[in-house]
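Q: Single-letter residue listing:
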Amino acid sequence: MSQPYITLNNITKSFDSVYANKDISIDVCKGEILALLGENGSGKSTLVNMLSGIYKPDSGTITIDGKEMSFSSPADAIKAGIGMVHQHFKLVDVMTASENIVLGHIKHLTTSKKRMAHHVEKLNKKYGLNVEPDKKIYNMSVSEKQAVEIMKVFYRGANVLILDEPTAVLTPQEITALFDILRKMKQQGCTIIIITHKMAEVMEISDRVTVLRKGECIGTVKTSETTPQQLTEMMVGKAVELEIERPKCCDYTSKPLLTVNSITKTNTDGVNVLNNVSFNLYGGEILGVAGIAGSGQKELCEIIAGLVKATTGSITFDGEVITGLSPRAIIKKGISMSFVPEDRLGMGLVSGMSITNNVILKSYNRNPGPFIDSKFAKKLAEQIVNDFNIYTPSVNYTVKKLSGGNIQKVLLGREIWLSPKVLITAYPVRGLDIGASYNIYHLLNEQKKKGVAVLFIGEDLDVLKSISDRLMVIHDGEIVDIVDPDSVTKEDIGLMMVGEHIRKESAQ
Amino acid sequence: MSRISISKRKRSASAVADVLIRIGAIVGALLFIGIVLAIMGYDPINVYGKIIQTPFKRFGGVMNYTIMLTTLSLGIAIAFRMKFWNIGAEGQFYMGAFGAAAVALSMGDLPPIVLLPLMFIAGFICGGIWAVIPALIKAKFQASETLVTLMMNYIAIAFISYLQYGPWKDPAALGAAKVPNFSENAVLPEVLGVHSGWIIMLVLVVIMTIVLKYTKFGYQVDVIGESETTAKYAGMNTVKIMIIAVIISGGLCGLAGFMQASAVEKSITDSMSAGLGFTAVITAWLAKLKPPVILVASFGFSILLQSGNSLQLMKIPSSITEIMQGVIIFFVLASEFFINYKITWHGKNSGAKEAA
Numbered sequence: 169m170s171q172p173y174i175t176l177n178n179i180t181k182s183f184d185s186v187y188a189n190k191d192i193s194i195d196v197c198k199g200e201i202l203a204l205l206g207e208n209g210s211g212k213s214t215l216v217n218m219l220s221g222i223y224k225p226d227s228g229t230i231t232i233d234g235k236e237m238s239f240s241s242p243a244d245a246i247k248a249g250i251g252m253v254h255q256h257f258k259l260v261d262v263m264t265a266s267e268n269i270v271l272g273h274i275k276h277l278t279t280s281k282k283r284m285a286h287h288v289e290k291l292n293k294k295y296g297l298n299v300e301p302d303k304k305i306y307n308m309s310v311s312e313k314q315a316v317e318i319m320k321v322f323y324r325g326a327n328v329l330i331l332d333e334p335t336a337v338l339t340p341q342e343i344t345a346l347f348d349i350l351r352k353m354k355q356q357g358c359t360i361i362i363i364t365h366k367m368a369e370v371m372e373i374s375d376r377v378t379v380l381r382k383g384e385c386i387g388t389v390k391t392s393e394t395t396p397q398q399l400t401e402m403m404v405g406k407a408v409e410l411e412i413e414r415p416k417c418c419d420y421t422s423k424p425l426l427t428v429n430s431i432t433k434t435n436t437d438g439v440n441v442l443n444n445v446s447f448n449l450y451g452g453e454i455l456g457v458a459g460i461a462g463s464g465q466k467e468l469c470e471i472i473a474g475l476v477k478a479t480t481g482s483i484t485f486d487g488e489v490i491t492g493l494s495p496r497a498i499i500k501k502g503i504s505m506s507f508v509p510e511d512r513l514g515m516g517l518v519s520g521m522s523i524t525n526n527v528i529l530k531s532y533n534r535n536p537g538p539f540i541d542s543k544f545a546k547k548l549a550e551q552i553v554n555d556f557n558i559y560t561p562s563v564n565y566t567v568k569k570l571s572g573g574n575i576q577k578v579l580l581g582r583e584i585w586l587s588p589k590v591l592i593t594a595y596p597v598r599g600l601d602i603g604a605s606y607n608i609y610h611l612l613n614e615q616k617k618k619g620v621a622v623l624f625i626g627e628d629l630d631v632l633k634s635i636s637d638r639l640m641v642i643h644d645g646e647i648v649d650i651v652d653p654d655s656v657t658k659e660d661i662g663l664m665m666v667g668e669h670i671r672k673e674s675a676q
Numbered sequence: 016m017s018r019i020s021i022s023k024r025k026r027s028a029s030a031v032a033d034v035l036i037r038i039g040a041i042v043g044a045l046l047f048i049g050i051v052l053a054i055m056g057y058d059p060i061n062v063y064g065k066i067i068q069t070p071f072k073r074f075g076g077v078m079n080y081t082i083m084l085t086t087l088s089l090g091i092a093i094a095f096r097m098k099f100w101n102i103g104a105e106g107q108f109y110m111g112a113f114g115a116a117a118v119a120l121s122m123g124d125l126p127p128i129v130l131l132p133l134m135f136i137a138g139f140i141c142g143g144i145w146a147v148i149p150a151l152i153k154a155k156f157q158a159s160e161t162l163v164t165l166m167m168n169y170i171a172i173a174f175i176s177y178l179q180y181g182p183w184k185d186p187a188a189l190g191a192a193k194v195p196n197f198s199e200n201a202v203l204p205e206v207l208g209v210h211s212g213w214i215i216m217l218v219l220v221v222i223m224t225i226v227l228k229y230t231k232f233g234y235q236v237d238v239i240g241e242s243e244t245t246a247k248y249a250g251m252n253t254v255k256i257m258i259i260a261v262i263i264s265g266g267l268c269g270l271a272g273f274m275q276a277s278a279v280e281k282s283i284t285d286s287m288s289a290g291l292g293f294t295a296v297i298t299a300w301l302a303k304l305k306p307p308v309i310l311v312a313s314f315g316f317s318i319l320l321q322s323g324n325s326l327q328l329m330k331i332p333s334s335i336t337e338i339m340q341g342v343i344i345f346f347v348l349a350s351e352f353f354i355n356y357k358i359t360w361h362g363k364n365s366g367a368k369e370a371a
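Protein sequences, first through last, are from chains A and B.
No gaps in the numbering here: position 184 of the first sequence is 352 in the working numbering, and each next residue is one more.
No gaps in the numbering here: position 182 of the second sequence is 197 in the working numbering, and each next residue is one more.
Worth flagging that the hints you see were computed from the coordinates, not collected in a lab.
If a hint is listed, it holds; no wrong ones were tucked in.
In silico lysine to any residue, SDA-like type, Cα no more than 25 Å apart, as pairs:
no., chain 1, residue 1, chain 2, residue 2
1, B, LYS357, A, SER213
2, B, LYS247, A, ILE483
3, B, LYS247, A, PRO536
Chain A is nowhere near these chain B residues, computed Cβ spacing over 12 Å in every case:
no., residue
4, PRO59
5, ILE66
6, GLY75
7, GLY181
8, ALA192
9, PRO204
10, SER211
11, ILE214
12, LYS281
Which bits of chain A does chain B cover? Going by a derived footprint, with three or more residues having C-beta under 8 Å, they are:
no., segment
13, 507 to 520
14, 531 to 542
Every residue, glycine too, gets a C-beta built ideally from N, C-alpha and C.
Let's have the full structure, built from the sequences with the hints guiding it.
A: Laid out in structure tokens, this is it:
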């Protein structure tokens, strides 16, 4: 192995006597891609935050190119050539790409459009990026924004790039493009540290993998010498079944539980966010929904759940028309439909309240009289915490202080406890690590086996392909097709997600 | 070079630390005001001595303020918990006083056992109506309740002025613009030396604690306050809950008006609130909208309000107590920062030292 470029030596960081990182030592070489793998709360973010100057280690040293560093701020880290692309982009929407790139880092007294464009072009060429200097951020797709973020880092002179879950929001084609860029950067001698949860990507892009668990470094292995199974075991600490099962338990000849009939939704700008959407959802099936974020998934869920009114069209639940009913009316009719929304803390849960007060959100009214049945609430909370292995100091703990996976379990636990007939889940594993995600898939399969009709809005195509009985691909508010997930490739789905009908070519 | 870094606490400060930080803030505020007093040429120890003596020397006066402030703060708290920014306690107070006065002046001959409950109900209803108007406007037109409730204050005060100088002017007052005094039957009796409003106040504190903490309604109010989207998602009728809560909010402020009119003024005037409808916003907020704490905060503020009068006798401007209120608020609000964030000093090479 060549001389390491970055050396983290016995890094320890604790918050309020809890170790976030304990004695972590990592080497990264020039021109290497290191994947950082670990479950939520394993200390990945803390570690890269120390490398990018946001936190300061309690003890241990950071050495870059042989020099010991002491970062007191992100500016110090940038000076040392370390740049970070955060999961949530930090761009000014109304400005152009080049304005965002020079923002806060104007190297000359005056800025000229020409000079900025020139810079952008130079960096485009060097790293194979494709940033249009004069395009406004709000006109950009997610991957274009990401490219601007990456370029921002390079403009500041970085030669070490840290990416925090860069693929979470991209389509397969965009991910391929991003990986091409990363490889090109590697050839240019850049050092790249990438945080990701997706095992397939770790295997594809990284040279070595460092696995963290509960703040400790479990080990660093060469990607070519390991398997996803081994990595997962290192990460979780025990063997995890990586196969998603797909029991067949749906009778498609029976009557569908939920029928969505020509739903169209026009938003306030007069744009059809959903256009003539029709499909059936049967008991005992998982219907996966694939699509680029913002293709109408949110509206579809909210219309079915009664939170938003459709402009035209109807929805039938078990033979009864429920279009236009409020969630309250739907609950009152005894229709048991659960909706696990995308926005967990903004819609599904009351973030400032305790677990107890959250699990009763939909059942607090079950007893007569004006008082909350606090015994029932406590029992229910304890039961859900137990059944779903929610890691919390107590049932009175505030939900927003739990980790992402536990927050999602509180939400799912509550919805599943209601024993619904239809379960709508939007991105139920977003932000969750592998262990927690597979738990959720398992829970959804359990529901399916019980005859529940599950609508699964997902983003990871590997998962969607393996968990869905049928896969619906939507683009721009329209259903492109509903396909058998085994008969299409990921690339096919990717094409359909951008609106290309591939059925004709692949017709059997 | 040493640096200071500010980081959000992973866990909020413990309950004990929370209380200590708040007490520290109030002590800090008092010390700061002490310095200001000294600069102004007054003896801070003397001033504080006077203030501390106030509740013993003028207990009745302190209690009058406490009853008003607590009841108003309770009303504000239920609305604020729902994030309905009711800044109209002042107006609801006057309308409550008006309702009680209308009953007292027109049916003054009824026995107290009938008359006082009628005044109580009238005060509650009038305050409630005054608060529900902005709520309806908000529900219908999404108008900002902050502005509407605030503006309705001035309408209410002007209305009382109109009554005082116009139709309700006491002909027996020899030309002075004054609403006639209530009959004896319309005056809340004294219990243990203080008007019996204190019993009403304590009962209201207990009721509101129970309502907010243990009932479905209190739960709904809190859920709406946290997130209206979540409340709708959970199937709550948010508009109905909001309207009910706002009626209670205005009704409680109206009750404060009833008690002040009946027990203290024994009439109504257009300046009888002394601006407490606004002070109550502060006490409610300082008490984190929790009824029992509201009682404590209101009592503390009442001591300051009452001692303003005693200080005048020492030729110290009574406005000094208003400055004190302001400084205390600033310090307590600033202390929130220390509850949510922690500040760490990094000495030179601190990391290296620890590692060695």
